[in-house]
Amino acid sequence: MELKKEFLKGIYKENPIFRIMLGLCPTLAVTSSVENAIGMGLAASFVLLVSNSIISLIKGLIPDKIRIPSYIVVIASAVTVVDLVMAAYLPSLHKSLGIFVPLIVVNCIILGRAEAFASKNKLFPSIADALGMGLGFTLALMLLAFFRELLGNGTVLGINILGESYKPVLLMILPPGAFLTLGLLLGFFNFMDIKKQNKEK
Amino acid sequence: MGAEKLLVIVVSAIFINNIILSRFLGICPYIGVSKKLGSAIGMGFAVIFVLTIASSVTYLIYVLFLYPSTNNFWYWITGKMYDLTYLRTITFILVIASLVQLVEMVVQKISPPLYKALGIYLPLITTNCAVLGISVLNIEENYNFIESTIHGFAVGIGFTLVLILMAGLREKLDLMDLPKPFEGPAIAFILAGLMSIAFLGFAGLKF
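Residue numbers (the numbering used here), protein chains in the order written: chain A, 1 to 201; chain B, 1001 to 1207.
If you're looking for bench data, these hints aren't it; they were derived computationally from the structure. Accuracy of the hints is not assured; some may be wrong.
Stated by the list, open to error - Listed below are the simulated EDC-like cross-link pairs for lysine to aspartate or glutamate, each with C-alpha atoms no more than 16 Å apart in a straight line: (1) 1005/B with 1141/B; (2) 1180/B with 193/A; (3) 122/A with 2/A; (4) 95/A with 1183/B; (5) 1172/B with 1183/B; (6) 13/A with 164/A; (7) 95/A with 1140/B.
With the hints as extra help, turn the sequences into a complete structure.
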């Protein structure tokens, strides 16, 4: 049951983007289409899974003083694997994600989970934590990308939803759309929280 | 060529492809450190400093050690070309992390007042994706050494400009009567969106 709790907390209660606000750079950059969002989410989740499991296994071996550089080396190796595999098998996705693939290294979620969770917990809770956080990250990216692609292009995953007569709001695909959508979604989640707290009172 | 190309790099790095508002790098410090004007200025200068040094150092490391050519270090020693470009990410992040550490120590030794002003921001820069991002971009855009350094410097200026503008706006925003759910980061993002729209105006600049 502990594992299930670790898994579920990443999805809503401690959602990396809407709650702890980590890893915002790729969030804003790749959400211009749902396809890119899924690709980025899965790539980051894979890196998170690898780094969390390895770090929880070797946490006893790493001297405290050099733990951050050691974590970064583990993460960077996983990112290199993802980078090369993606370039070989999904070249078009690799091209549209561009420099944000190598930048998964500095995604604060991954280092943050390594430091806050994997370095203190055993293997299986760390895996559950990585899967939950990864899923939460992917879902948040998809939510943002859903609104941006739908309003900015009239499509979701390339399938036309709003019909031919819909005039796309180009702004939503451009950089400002990312900031505005994230701001409004954050406001919405805060609103839901405040409503819930008022009810409990 | 020459000076003209450098000017294009500078103007586009500061205004057209602004690192925060159009490339989305360095968002964390942009939201995190923009609450007070003073700390925004400190962070901005620390970023200019580190970005300029990091751009030139990572460029040299890439050309001398990773990229297969006759100028490569391994070629001088062994006479063979090794393609180590796949080590780019891991090398750059380690170089940047140690560089930030080194800069911190040197600044502390040489100029205590500067250290006092920038000190707390320097460690934060390691995880600022702008530094790694610009190092990778310099390679992907095929810049030479001078262009890379100037690009790093100009990006730093663009970052500082937007960070300071944002801090000024947010200090005013503190006095406003906002709807409760939008207090804090939510309104900061909407503000960033509006600034980004304003900066889109520069996209019409043509050379």
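Hints versus structure:
{"no.": "1", "hint": "1005/B with 1141/B", "result": "13 Å, holds"}
{"no.": "2", "hint": "1180/B with 193/A", "result": "11 Å, holds"}
{"no.": "3", "hint": "122/A with 2/A", "result": "12 Å, holds"}
{"no.": "4", "hint": "95/A with 1183/B", "result": "37 Å, violated"}
{"no.": "5", "hint": "1172/B with 1183/B", "result": "13 Å, holds"}
{"no.": "6", "hint": "13/A with 164/A", "result": "39 Å, violated"}
{"no.": "7", "hint": "95/A with 1140/B", "result": "12 Å, holds"}
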